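Reconstruct the complex from the two isolated chains, following the hints.
In order, the protein sequences belong to chains A and B.
Number 319 in the UniProt record's numbering belongs to position 319 of the first sequence; there are no gaps in the numbering.
Number 95 in the UniProt record's numbering belongs to position 95 of the second sequence; there are no gaps in the numbering.
Rather than coming from a laboratory, the hints here were simulated on the basis of the structure.
Keep in mind the model is a prediction, meaning the values are calculated, not measured.
Any given hint might turn out to be false.
[Claimed, not checked] Residues of chain A clear of chain B, computed beta-carbon distances all greater than 10 angstroms:
| hint | residue |
| --- | --- |
| 1 | Glu109 |
| 2 | Gln269 |
| 3 | Ala305 |
| 4 | Gln378 |
[Stated by the list, open to error] Here are the simulated DSSO-like cross-link-like pairs (lysine-lysine), alpha carbons at most 27 angstroms apart as the crow flies:
| hint | chain 1 | residue 1 | chain 2 | residue 2 |
| --- | --- | --- | --- | --- |
| 5 | A | Lys112 | B | Lys187 |
| 6 | B | Lys145 | B | Lys106 |
| 7 | A | Lys112 | B | Lys193 |
[What the hints assert, rightly or not] Restraint ranges, calculated between C-beta atoms of paired labels, are given here:
| hint | chain 1 | residue 1 | chain 2 | residue 2 | range |
| --- | --- | --- | --- | --- | --- |
| 8 | B | Thr234 | A | Gln269 | 26 to 36 angstroms |
| 9 | A | Ala265 | B | Val26 | 18 to 28 angstroms |
| 10 | B | Val15 | A | Gly341 | 49 to 59 angstroms |
| 11 | B | Met231 | A | Arg368 | 10 to 20 angstroms |
C-beta: ideal position from N, C-alpha, C; glycine also.
The chain contents come next:
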Amino acid sequence: MGASSPFYTAEHADFREQVRRFVAREITPHIERWETDGELPRALHRLAADAGLLQIGFPADCGGVDGADLFYEIVLTGELARAGSGGLIASLMSHGIATPPVAALGSAEQKKRFAEPVLAGDKIAALAITEPGGGSDVANLKTRAVRDGEHYVVDGSKTFITSGMRADLLTVAVRTGGDGLGGISLLVIEGDTPGLSRTPLQKMGWCCSDTATLYFDGCRVPVANRIGPENQGFVAIMRNFNHERIMLAAQAWAFAEVCYDESLAYARQRETFGRPLIQRQVIRHKLVDMRMQIDAVKAQLDLLAWRVMQGDVPIAELCLLKNLATSTLEAVASEAMQVLGGAGYLRGSAVERIYRETKVLTIGGGSREIMKDLAARQLGY
Amino acid sequence: MKALVSVKRVVDYNVRVQVKSDGSGVVTDGVKHSMNPFDEIAMEEAVRLKEKGKVTEIVAVTIGGAKNEETLRTALAFGADRAIHVKEEGEVQPLTAAKALAAVLKKEDAKLFICGKQAIDDDANQTGQMVAALLDIAQATFASKVEIEGDKAKVTREVDAGLETIEVDLPAVVTTDLRLNEPRYLKLPDIMKAKKKPIDATSFGDLGVTPGAGFKVTKTTPPPTRSKGVMVKTVDELVSALKGKGLL
Ligand SMILES: Cc1cc2nc3c(=O)[nH]c(=O)nc-3n(C[C@H](O)[C@H](O)[C@H](O)COP(=O)(O)OP(=O)(O)OC[C@H]3O[C@@H](n4cnc5c(N)ncnc54)[C@H](O)[C@@H]3O)c2cc1C
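This is chain B alone, in the form it adopts within the complex (with noise of 0.2 angstroms):
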């Protein structure tokens, strides 16, 4: 069974993300980046799945300008097989990153699409679900197990109230949550395999997808800085302080 994984560079989790001053989004230039840690966890189950012998095949892919190589080569040496760079420069939202990845799966003829959750870019949410109802095929999100049985798999997925473990018809679409597994730490002889290992370019007109914009964004700002704190001293004036602020 082949899976497809699809990883997308994003500024990296560690750096302190800064507004650009003319509010047209952040600073990108010169900013370290690195794989979105959800798309981590979702190549790490897909090696996992490869290593149990429930997928043959694993296929990355990306969409994004040349530096998106880096991130596919990470994903070659985390386990896939190969890689497919769908090259764009510009800005990508998600429907059409949905449309883009849905015309991959349906060439590759996978039967497991796994990507993040959300990239911790944007936080969007949005693409793996768009995936699944562009193809109509089934879709389990916020995956914390996953389990192929036939041409079934077992999802245990992550919901307010707890834990929901549900049955997905494959091909299936998977998002994965934090706890689904811990991503390896990549060894140097599987980094240095992964240089040798093929990329496929492809472009959204090669895939027929017009991208589109479906949203503006219309100014980014900082979060509100937070005003200095007050130190009391005694429960009692602590209490009175809320009751000042009306939280009491």
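The shape of chain A in the complex, shown without the other chains (with noise of 0.2 angstroms):
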């Protein structure tokens, strides 16, 4: 690993053997209970902290590991995967995107609060911006807060939020202000706040993540659970974004290779007209395409993330990046699903999964439409 790749040392290989340990241990034997219970048991997140997984990503001030780059991320995230659940990603990690605004603009109090409860799996976070009214137009989102002396009193509803019928702390987009990008503040909404209510939304994919819709009826806020100044929220959102898209970029990866792998395993031992499939050259180029479209993926991820960690914000090549690890995510699983016939298309199977979750990944976290407009007007057309 460290002589193939600059990014990666041997601490990053020790990382990975250890994650590996741990979805092969703690995850993978029970995924499928979990995508019928609908979510994820609580006890999972301990068992992740426990083990120094859900830390990773933040600093220490906050209850998180120094020192852990971008690259620990893209590992750990790639190691999850082998679980083949997008859903189990997306919920366990859901302090991913819901967390960063708290480390990155809390107080040590709020840090204290909301951060460290969270990644020491005591608490579930989850991050709520989408509402009923539109997830892309993030600008004129519709929730309103509003200060009542030292409370904001909340009224509005969310929808879509991953982790959102577990959650014990909700980063919620609201409005604060007048209209438009400049009137938008982010909250840390408890779950037990009076007037919050929630209902459970069935899904296509991502079953064992739980994902709300939430209605705020007269919520009262206080003021100190206010993440960053007043009606300056929208640059924060964005900020969050660029982190949360280079992470879907990895999972599309990361379940582009476990596709991969799933195939030429089967390829490999299933025999067709008395020769096994990886010897008919349809199905070995099909193998060596997934291979090219992922290393591509994999390449312009490790640079991104170097240039991410090196203080640059590349925002019109995350939005592109995003598109073309999905976009390879789809291709590949598609071809994958093809390679495994009738078996590839049963419920148990991990491309059958991964398939069906290629599309909230092209959706969630800025749709690719989204992505392409961001990316035109960044550069510049």
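Given below as structure tokens:
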């Protein structure tokens, strides 16, 4: 590993080995049940925290680990994907999109209350931006927070919220000011706040991830729960999106790897007309095409991760990386399914689940169309 | 009290081992290696004893080539305070390993030597016992529970008939069985800290050990492939099939 990439060290390899074991022991044996249950057990968050996984990507001053660069996050994603469930990553790691604003902008007190218990696996965090009225047009979100003394009174609703049914701490984008992007703030709303209600959503994939619509009906939220300055939430949200997008690209890459491995193993072992599939040119070419596309995604992913670590903010490239990675996953999952034939179509096969879960990655965290639009604008067209 | 733990680099337990075509051994080039699982249990036990205040220093030792440094890093990430690398690129048989480990144990003056009951490569299950014999100290093999009380160790052993608890005087050799503990997941801060801990190099020469070939491997063969099974439809058919094979 060390010699094959300038970005990964022996420590990354050691960390990978530990995550691989964790997944094999604590996740893979149970994932089918959690998919049926429609949510992950809380105990899993604690286990993952005890194994030091939830802390990756966060500094020590909020309960994380200093020195864990983005490549550790990529390694972690790559190994969590081995369980073949996108919902697992989305939900177990929902703090990965909910908690960064606290880590970046929160006061010491806020880090202690809103980040530490999450990174210790004691509380579950979710990010609530999207509204029933629309997800792409973040600048025009409608959920209102009106100041009343030392509280905000919050009214409105959010939808498609990952870990939304279980979350104890919701990072919610609200309108505290006038129209447009200059009137948005971030509040952490606690799960037991009176006036908050939730309903579960059934989905095509990500089944072990509890996704919810949230209703805020006169919720009183202390002003002390506001993350960062009032009406300046939009920048924080966009910054958060940049990180989310690189991690969504990492997920797409990781699941493409799983599809490739599964179909390669199957092609080696499956015999048709007296010969293993792997000996057929048509199948071999499918597999090398998959390999080629995955390698391209990984190269760009690592390079952009490195640039981000240098302090660069390559917004257009990140948007295009997300699109490249997710369309590669769509292509690879489809071809993998083809190689597996009927076996790939059966419930319980990792490729079947990944195939069903390709679309959520082209929609969530900024849809393909929005990514293109943003990239075009960033590139000055 | 100082504890010495030996750790061996072996082909990873998940790898499907291939026999070399010339029968001279198994393929190890380009194959994933990791710490012998029984040695992980040994490391875990040493760390637990340190956490309980029974052990104050843990020294990990390995014998092998340059790549064994990875195995020592794993041991250091587990919680070893420092490590010793007995550098040897050639084949090491159990008696040679035992002589080298005994020499290190003596030099370090450790009161407890913990190692795996066997390594999953050759499954020899000899080294721990030989170390004890060479130094004429007590041994408690196949441990499933270890308690340190003063200058004695109370060890529960897995024996054919069940469990046996014995008490041995320290210094002693303890070899670990599968059920002794479940090794922890190594956390990133510990993995990063391991990089900064010292590894001392030594050699058979330094330790006064002459590697000897006690035995010679003449041929390695893969296990016979299982032939296809037969499906029977009824119990009667099963019984007569078993009778036909002289098994009933
Ligand atoms: C399983 C799942 C989990 C999710 N988890 C979360 C979460 O945890 N937190 C959260 O806040 N959100 C979450 N989301 C929401 C997600 O971010 C949104 O679905 C996404 O931003 C798109 O918003 P929308 O669904 O409202 O689509 P819309 O914004 O209504 O868009 C519909 C379609 O129109 C296209 N479109 C929109 N505007 C334009 C335009 N100007 N030009 C051209 N095309 C356009 C879009 O690309 C899309 O194809 C989740 C979604 C899913 C499916």
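Outcome of the hint check:
1. Glu109: 25 angstroms, holds
2. Gln269: The claim stands: Gln269/A keeps its Cβ more than 10 angstroms from every Cβ of chain B (closest is about 13 angstroms).
3. Ala305: Answer for Ala305/A: holds, closest chain B Cβ roughly 17 angstroms.
4. Gln378: It holds; Gln378/A is separated from chain B by about 34 angstroms at its closest Cβ, greater than 10 angstroms.
5. Lys112/A <-> Lys187/B: The hint holds at about 22 angstroms.
6. Lys145/B <-> Lys106/B: 25 angstroms, holds
7. Lys112/A <-> Lys193/B: 25 angstroms, holds
8. Thr234/B <-> Gln269/A: 26 to 36 angstroms: Hint holds: Cβ distance 32 angstroms, inside 26 to 36 angstroms.
9. Ala265/A <-> Val26/B: 18 to 28 angstroms: Taking Cβ atoms as reference, Ala265/A and Val26/B lie about 22 angstroms apart, which means the hint holds.
10. Val15/B <-> Gly341/A: 49 to 59 angstroms: 28 angstroms, violated
11. Met231/B <-> Arg368/A: 10 to 20 angstroms: 51 angstroms, violated
Checked against the numbered hints above, the structure violates hints 10 and 11; every other hint is satisfied.
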